[in-house]
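Q: Listed here are the chains, written in short residue letters.
2 protein chains.
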Amino acid sequence: MKARVIVTLKNGVLDPQGQAIEGSLAGLGFGGVSGIRQGKVFDFEIAGTDVEVARSQIMAMCEKLLANTVIENYAIEISN
Amino acid sequence: MKARVIVTLKNGVLDPQGQAIEGSLAGLGFGGVSGIRQGKVFDFEIAGTDVEVARSQIMAMCEKLLANTVIENYAIEISN
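These protein sequences, in sequence, are chains A and B. To convert, note that position 71 of the first sequence is 71 in UniProt numbering; the numbers rise steadily by one, no gaps. To convert, note that position 66 of the second sequence is 66 in UniProt numbering; the numbers rise steadily by one, no gaps.
Keep in mind the hints are simulated off the structure, nothing from the lab. A few of these clues could be false.
Where chain B lies over chain A, by a calculated footprint (3+ residues, C-beta under 8 angstroms) [stated by the list, open to error]: (1) 10-17; (2) 20-30; (3) 69-78.
Think about it this way: if two alpha-carbon atoms lie no more than 25 angstroms apart in a straight line, the pair counts; the simulated PhoX-like pairs of lysine-lysine are [claimed, not checked]: (4) B:K64 <-> B:K2; (5) A:K40 <-> B:K10; (6) A:K64 <-> A:K40; (7) A:K64 <-> A:K2; (8) A:K10 <-> A:K40; (9) A:K64 <-> B:K2; (10) A:K10 <-> B:K10; (11) B:K40 <-> A:K2; (12) B:K64 <-> A:K2; (13) A:K10 <-> A:K64; (14) A:K40 <-> B:K2; (15) B:K64 <-> B:K40; (16) B:K10 <-> B:K40; (17) B:K10 <-> B:K64; (18) B:K2 <-> B:K40; (19) A:K40 <-> A:K2; (20) A:K40 <-> B:K64; (21) A:K64 <-> B:K40; (22) B:K40 <-> A:K10.
For every residue, glycine included, the Cβ atom is placed at its ideal position computed from N, Cα and C.
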């Protein structure tokens, strides 16, 4: 199965990288953009056929490695 | 409008970061995972009400700053 995990900063956590991108965009003339937050995306194949088993395995992967759950949220998408 | 841009490496472009994550996951006991590719996600607000105008503006932003189109693809999602 194909899986995608999107890791984003929690609300209230400062995102200096996002602020830098926003400043650069404004400098390039894209002034209508605000509140940029940068996150990470992981695409991978996961073995097995049971979506719920895969989901719980991916949740464990997020908790242990892919996301820092103190400051980050994660969302899981699985497609066959 | 809320917009999300997902930037991923093109097929065939080496992803050492993804390989490192795959190795770490295997070390943690998550052996069923393969072909990990890491990408970036940008969430932001964009001014205006016309989705097509916003989309063309975001495409220009991607071409100029958010993605390196030599080695990266980008996908745009816009929601009101």
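Q: So, for every hint listed, does it hold in this structure?
A: Hints, one by one, checked against the model:
1. 10-17: violated (count 0)
2. 20-30: As far as the region 20-30 of chain A goes, the hint holds, because 6 residues have Cβ atoms under 8 angstroms from chain B.
3. 69-78: Check failed, 0 qualifying residues.
4. B:K64 <-> B:K2: Holds, because 20 angstroms separates the two Cα atoms, which is no more than 25 angstroms.
5. A:K40 <-> B:K10: holds, 16 angstroms
6. A:K64 <-> A:K40: At roughly 16 angstroms apart (the allowed maximum being 25 angstroms), K40 (chain A) and K64 (chain A) satisfy the hint.
7. A:K64 <-> A:K2: holds, 20 angstroms
8. A:K10 <-> A:K40: holds, 13 angstroms
9. A:K64 <-> B:K2: violated, 30 angstroms
10. A:K10 <-> B:K10: violated, 28 angstroms
11. B:K40 <-> A:K2: Holds - the C-alpha atoms of K2 (chain A) and K40 (chain B) are around 18 angstroms apart, at most 25 angstroms.
12. B:K64 <-> A:K2: Roughly 30 angstroms between the alpha carbons, so the hint for K64 (chain B) and K2 (chain A) is violated.
13. A:K10 <-> A:K64: Holds, at about 17 angstroms.
14. A:K40 <-> B:K2: Holds, at about 18 angstroms.
15. B:K64 <-> B:K40: Within the cut-off at roughly 16 angstroms; holds.
16. B:K10 <-> B:K40: Distance ~13 angstroms between K10 (chain B) and K40 (chain B) Cα, so the pair holds.
17. B:K10 <-> B:K64: holds, 17 angstroms
18. B:K2 <-> B:K40: With Cα atoms ~17 angstroms apart, K2 (chain B) and K40 (chain B) stay inside 25 angstroms; holds.
19. A:K40 <-> A:K2: holds, 17 angstroms
20. A:K40 <-> B:K64: Cα-Cα ~20 angstroms, so holds.
21. A:K64 <-> B:K40: Holds, because 20 angstroms separates the two Cα atoms, which is no more than 25 angstroms.
22. B:K40 <-> A:K10: The given pair, whose Cα atoms are some 16 angstroms apart, holds under the 25 angstroms limit.
The structure fails hints 1, 3, 9, 10, 12 (numbered hints given earlier, in ascending order).
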